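Trainee: Listed in order, the protein sequences are those of chains A and B.
The numbering of the first sequence is full-length UniProt numbering, which starts it at 1 and goes up by one.
The numbering of the second sequence is full-length UniProt numbering, which starts it at 1 and goes up by one.
Calculated from the structure, these hints are not laboratory results.
As the structure is a prediction and not an experimental result, all values here were calculated from the model.
Be careful, since some hints might not be right.
Chain B regions said to be covered by chain A (calculated; three or more residues, Cβ under 8 Å) [what the hints assert, rightly or not]:
hint, segment
1, 409 to 415
2, 419 to 426
Only some residues are given here: those of chain A computed to face chain B with a beta carbon under 10 Å [to be verified]:
hint, residue
3, 37
4, 39
5, 44
6, 107
7, 112
Note that beta-carbon positions come from the ideal geometry of N, C-alpha and C, so glycine has one too.
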Amino acid sequence: MNEFKSASNALLSTYIKDTPRSLKLIDSYMVYVLLTGIIQFVYVCIAGTFPNNAFLAGFISTVAAFVLAANLRMQTNPKNASQFPTTSPERAFADFIACNVVVHFAVANFLG
Amino acid sequence: MRPSILLSTLALALVAQATSLTGNRALVLLDNLDDTDSYMELWNDFQSRDYNVTIRETSSPIALSRYDQREFDHLIFLSPKMKEYPKGMSAKAVVGFVADGGNVLLAASPELSSTLRELSREFDVEFDNRFTTVLDHFNYDDNLGNKQHDVIAVNPKTHMAKINAIVPQDAVSGPVLFRGMAHSVNPTNSLLTSVLWAPQEAYSWESVNLEEIADQDPNVSGKDISFVSVLQARNNARVAFLGSTEMLTDKFFNAKAKKHGEAETVSGNRKFIEELTKWTFREKGVLEVVAVEHHKVGELEAPAHYRIKDNMTYTIHLAEYHDGEWHPFSADDVQLELIMLDPYVRKTLDQIALTEESTVGSFSTTVQLPDQYGVFKFMVNYKRPGLGYVESVTTVGIHPFRHDQYPRFISQAKPYYTSAASMGVGLLIFSFVYLWGGLDSSAKTTKKA
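Sequences are here, hints too, so could you generate the full structure?
Mentor: What follows is the structure, given as structure tokens:
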């Protein structure tokens, strides 16, 4: 138990110390999206799937936002720079915004 | 083409004049023209009902139809001994005559020939063996059947079908006298109905050696013996089978009926035969669909199509023909079915109360359409013994909701709306914070080369 505690403490302190600020920001955004998705899933288990299209729209919007944020994080992470030699962080962010706009159009259409 | 249209118009005009809906041309077949005198009362009865009766011997040639048009509307077999069809006639021609809408009345006697027996078989009616007759030692008529107990007094209250459309219960006061042959009807044939049947004690036995003891089981006995039965074909043509030619004679019409051990009354034959022939010749019990209406609740016109789960009202107007006129029809068992392969809804229609001015009986109900789209049939399939068949089919399309007809802003879905909105707002906030706070430092770290 103590080992687990010290390991997690080490993980946390390393994360705080070594992770760039922009990635921390993306991470907090992803946590927010993840929580929203979980709340909706719990709600659909309790309340039933009646407006099924609305549930799918709401849930898929969180999934899509999560996936797109994950992509942004991968492409802007300095450690992955060698894998994305032609993608600058600005370009990655522009892609992220463009994809999000498309997703939100689809979601708004499907929400009913 | 034109002459045939003319002919059918003429035929329609004839139908309009006669009391029978089919027409007034009746053909009677007799074994021998000498028998004509035995049925004078029957001819008079037909005459008073505007029938144009043609009486022929079976030995003379007869054409039932000419140029594909029926020559007669009603065919009456009073010729039980007929061994061969008259020239120009055949079993096929008689069946074709019925298929063409003609009505047939067939009376048998113990001398019934195999020709007519086979014809009856075409209609699922089986007469007993030749030279058999129905005997009853308890219910015989004291005047006519005293010696051989072969004239049976049938009580119409207990041994006649309770179908007012054919023979009303109160129309026949006295017992119906019967001397003749037994027949049985196929109970699984829903087109056939037994109208008059034998008392429990009756049995069918050979009429040639009545003096001998009946030492074998009879082929048919008790209530299985039908005296009179009727068939209504799917085209509403009617066929009647009588086991006795004698019950139509003047002798039986005018007889004093005295069932053994009971008081003497007048025979009910005349009234019974009158009602039976009225039914057989389509003078009554004929139903017609006058109109069908259907519309959404709150509207008056039938829409081009319905939408699933619509509330709609269906009304059918039915008229019944009797006594030379159309009258409003009354019933409490008319049902509506909404069918797409299977019935999705089946509901009994309520009759709208009749008033003095009513010319038709109106049956109506309000139903909610099923949650299923497709091409549906609104069907009234009303088939009851003694009444003409009603089969009314209205085909309608039932559409699903249009995309903008679904309910919106459902309270149950509010968490999903909130979530989708929060994703948008979250994205905006994230973008602002990222662009004016996060990207700079990361840009420095990723800037290379």
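Trainee: Are the hints correct? Go through all of them and say.
Mentor: Structure-based check of each hint:
no., hint, verdict
1, 409 to 415, "holds (count 4)"
2, 419 to 426, "holds (count 6)"
3, 37, "holds (8 Å)"
4, 39, "holds (7 Å)"
5, 44, "holds (9 Å)"
6, 107, "holds (5 Å)"
7, 112, "holds (6 Å)"
Checked against the numbered hints given earlier, the structure satisfies every one of them.
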